[in-house]
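Participant: First to last, the sequence lines map onto chains H and F.
Residues in the first sequence are numbered consecutively from 1, following our numbering.
Residues in the second sequence are numbered consecutively from 1, following our numbering.
A couple of the hints might just be wrong.
What the hints assert, rightly or not - Taking CB as the label site, the calculated pair distances span:
hint	chain 1	residue 1	chain 2	residue 2	range
1	F	D67	H	K37	49 to 57 angstroms
2	H	M463	F	N436	51 to 59 angstroms
3	F	L40	H	M463	39 to 47 angstroms
4	H	M463	F	F10	25 to 33 angstroms
5	F	A36	H	S446	27 to 35 angstroms
6	F	T354	H	R103	52 to 60 angstroms
7	F	D67	H	G204	37 to 45 angstroms
8	H	V460	F	D67	33 to 41 angstroms
Said to hold, decoys possible - Residues of chain F placed beyond 10 angstroms of chain H at every Cβ, according to the derived structure:
hint	residue
9	L132
10	G146
11	I170
12	A179
13	L271
14	Y394
15	T435
Hints are computed from structural coordinates only; laboratory data are not their basis.
Built from N, CA and C at the ideal position, the CB exists for glycine as well.
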Amino acid sequence: MLTPISVNLASLNFITLSPMLIALAGALGILIIDLIKKDLDKTLYVILTILILFVDLGATLGLTVNERGFFNVVVIDGITILSELLIIVASMLFIPLALTSKRFHEYAYPEYFALFLFMIAGFQFMVATDNLIMMFVGLETASLALYTMIAMHNTVGAHEAAIKYFTMGALAAGFFVMGSAVIYGVSGSVELYDITRAFQERLGEPGVMVAMIGGAMLLLVAIGFKVSLFPFHTWTPDVYEGSSAPMAGYMSIVPKIAMIVVAIRVFGMYIDLGIETIRNVVIVMAVLTMTLSNMMALVQADVKRMLAYSSISHAGFVMAALALDTTKANSSIFLYYALFLFTNLGAFAMLWISRHKDKTHHSRFHHPYIKFAGMIHIEPFAAIIMAIFMLALTGVPPFGLFWGKMYVLSATVDAGYIWLAIIMGLNSAIAAYYYLKLIVYMFLKSAPEGSETVYNNKSVPLMIVIGIAAFVTILSIFFVQPLMDYITYLISASGY
Amino acid sequence: MNDILSILIFFPLIAGILGLVVSEKGIRTYGISVAAVEFLLSLWLWFAFDTTSGTMQFVKRVALVPDFGISYYVGVDGISLFIIIMATLMTLIGIIALSVKKDIKNMIVTLLFLEMAMIGVFVSLDAVIFYLFWEFSLVPMLYIIGAWGGELRLYAAIKFFIYTFAGSLIMLVGMLYVAYTYQSVTGTWSFALTDWYDLIFPLGVQKWLFWAFFIGFAIKVPMFPFHTWLPYAHGQAPTVGSVILAAVLLKMGTYGFVRFSLPMFPDAAVLYITPIAVLSLIMIVYTAMVAYAQKDMKQVIAYSSVSHMGVIMLGVFAMNAEGITGSVFFMLSHGIVSGALFLLVGVIYDRRHTKLMSEFGGLAQVMPNYALIFGVMMMASVGLPLTMGFVGEYLSLAGFFKVSPVMALIGGISIIVGAVYMLTLYKRTFFGPVTNEANRNLKDLDGKELAALVPLVAIVIWLGIYPKPVLVPIDNSVQTLVSFMHEKAQTPEAKQTILVSKRAKEAQ
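Let the sequences and hints guide you as you build the complete structure.
Facilitator: Given below as structure tokens:
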């Protein structure tokens, strides 16, 4: 007979769940409002979502480091808090981009905003746990919402993108489950702290290493899909191309942060156990990812596809730091993404402003390079802002991403991987070419006929978002110290 | 005026941003006034500078990212002082002589941004700040070449950017390694050069660090075999772009060697004297021969400028006070002379829209003033005694003579070959009868062009006859540098090669 379990409410420590619960409650609230009163404007939902995210931000900031709750499933440590903050900030910058001057299909549905909040809750679950099953549940919650949101853009490309992302994502999810199963088979647990203990005991046993590494490889496939590492990156450009520009920018940041946190937890454990194979595999994948995606980005004809490949390459950069598994390397990942977030969302928001219902300059692409030709003469201010985003992505000081790049390189050098640092440096130089290409088009080529429609989609909220992104990108040198203080404090507080 | 360096850096930046407000009509006057104020400020710096001391002056240090050891740290010594003055002077001259009509406002604003970056490079004493200005200087130059250049301007601009960018990223890895070493020795992070000078690396580490920095600087100089971007950049750049590029931007590379490589890695620097000298000699002789084969006047001057940069490199790696002082002085004279020559080619290009030597001939009859100034500058470029070019070239080679007489002699050939191609150029374009009818009615130099060129002629002759006011402060700082290197060197070869002059020894 089963003994009844008694659960003490205090031991559940519900406060650790508060960020997710707020997002979920907000999503349900939006659905209820829609139920009661139809045909409300999107502005209401956008502002409501922002307010919910504000509350969520407050709840996240109020969390105390190194707590567990909810049957020990939820873990609040430094990287949880950091990644949740990044997710919320990125979401708060993303959602006002719905307030365009033109109408788009997806924003007409309140469900879009509900799905958005469900997705955020999913990502928050994913980063706030060290339980493999919980990670999986969070991943799937978030991904299913994301697929739907992509499809709601309701163009042929968007449908294709959603289906492609869905099938690829389902495959990746399968790999994640298989990997978890193998690890469970070896260790008898899905909790990472139990797994660590079990692995440590069995490390010397003959034959077990194959299963351990095999499990990690299966997980690596799943993580590789979501973070878009070579050779699992092939879906990325097509999906980005099909989705709306802000959605593509969002996808290049938030799902990746969430999955990188999972990767830090899982691979960090392996590397701490001294299984160097995993470290080497991750480094090799990182090098291949940044190099090959850089090559591909060189030949793109569409700015959005170029930015897609560039974000793959940036992910490779970060994965290299992840493989080092030092406190500084882990801190540098978060600094990198904190700065990348503003720059990249800004760049995609610029594309969004220039979005036109019809493909004005090219039969297939919405944002071919030629569309931006001679922009300095049409909209000098916008051209300068876009150029600053591009220079920041290149890593030209003093703009935002330079500091991220420098910290990552510095962490690599400290860990003794000088050859890796040199490869990363040379890759940045290759990347300079395709970012410069856009600058060259904007500043040095003359405008084609009909370019007056470039800024079709401009509106005040969009300009505010871009303004914030540009502000952070330009003046980042003054934020680096406090940001790094905070990040390092949180990372080292939880022992990474 | 303790903050004069900060004013020098940020005045052009603020003026550049405010310049966006000034209307198209007044922008030219605005640019000239700003550049003139900046030049006067740099003269004031010279005036306030204690020329008897060889140490860093006007030092200012403000922590930016204290935990990572990054600070806004600037200072000036005799080595950088005159390069700064030259940078402000050449920017002023470049703006005065500006002949572009298209988007002149963007041009002036870009030039002011570039001026900020150039001065920033030469006053930075913090490696990150140095790197910041170093990389930032690429952006305005990219725009200048790409927007106002010739046919192949986009190719040239991008090649220029990517070449330099790639090299400096490897240098960045080297810098991060040095900072990491500093952190592991002392426990705190620092990117300050003065802190880095205290580090003594084992020879094995010095070797690879030396090459990491070498790639960054050598591409900028540009050393053979990394020089291929330069002819394109010069060939396509508008006149003012070439002037600034030749006069100041190339000097960043040689300045980097003097400021970073020599004092930080003295043993490795001595160890690699021979390979670097061989590269420099190839650069001197080979590019001089290439210059002779050119048909385009601007390409002749571009290649001759590469050739002379080789002599500067020889002087830097002479490892004694004469050589290094000479090379710093040669940096100045090369800046002024090649800048002036590019201006002169620009003058004729504005009139005829061609730079081919075969189009000209007998110009001396039509444009006597032009021929006279061109002649003086050409002689200075060749290294005729009593011009500024002679002093630097002579001292550099004399310094290197102590290291290797044979190589110094081969380097001396450059003077002969230089005379050959320069005189050929002069003969073909200026002497003989006027062969091309289109040249018969060319106007001589106008007031604007005279205003730009005459001061340069005066400087070339003044410093050719009496270089002491400039040489002494340079020499003081170089003596300090050389005795520091001598003290720091570990290997016996390095101790032997780095020569401290008697005067410096007595001073100790």
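Participant: For every hint, state whether the structure bears it out.
Facilitator: For each hint, the structure was consulted:
In this structure the hint that D67 of chain F and K37 of chain H lie 49 to 57 angstroms apart at CB holds, the actual value being about 52 angstroms. Checking the proposed 51 to 59 angstroms range against M463 of chain H and N436 of chain F shows it holds: the Cβ atoms sit about 57 angstroms from each other. In this structure the supplied range 39 to 47 angstroms holds for L40 of chain F paired with M463 of chain H, their Cβ-Cβ distance being about 41 angstroms. The hinted range of 25 to 33 angstroms is satisfied by M463 of chain H and F10 of chain F, whose Cβ atoms lie roughly 28 angstroms apart.
For the pair A36 of chain F and S446 of chain H, the beta carbons lie near 34 angstroms from each other, so the given range of 27 to 35 angstroms is met. Checked against the given bound of 52 to 60 angstroms, the beta carbons of T354 of chain F and R103 of chain H, roughly 57 angstroms apart, stay inside it. In this structure, D67 of chain F and G204 of chain H meet the distance hint of 37 to 45 angstroms, their C-beta atoms being roughly 41 angstroms apart. For the pair V460 of chain H and D67 of chain F, the supplied restraint of 33 to 41 angstroms holds, since their beta-carbon distance comes to about 38 angstroms.
The Cβ of L132 of chain F does not lie farther than 10 angstroms from every Cβ of chain H; its closest approach is about 4 angstroms, which violates its non-interface assignment. A beta-carbon of chain H comes within 10 angstroms of the beta-carbon of G146 of chain F; the shortest separation is about 4 angstroms. Residue placement check: I170 of chain F does not keep its beta carbon more than 10 angstroms from all beta carbons of chain H (closest about 6 angstroms). The claim that A179 of chain F lies off the interface is violated: its Cβ sits roughly 7 angstroms from the closest Cβ of chain H, which falls inside the 10 angstroms cut-off.
Its beta-carbon lying about 20 angstroms from the closest one in chain H, L271 of chain F satisfies the requirement of being farther than 10 angstroms from that chain. The beta carbon of Y394 of chain F is kept farther than 10 angstroms from every beta carbon of chain H, the shortest such distance being approximately 39 angstroms. Under the 10 angstroms C-beta cut-off, the non-interface status given to T435 of chain F relative to chain H holds; the minimum distance is some 37 angstroms.
Comparing the model with each earlier hint shows violations of hints 9, 10, 11 and 12; every other hint is respected.
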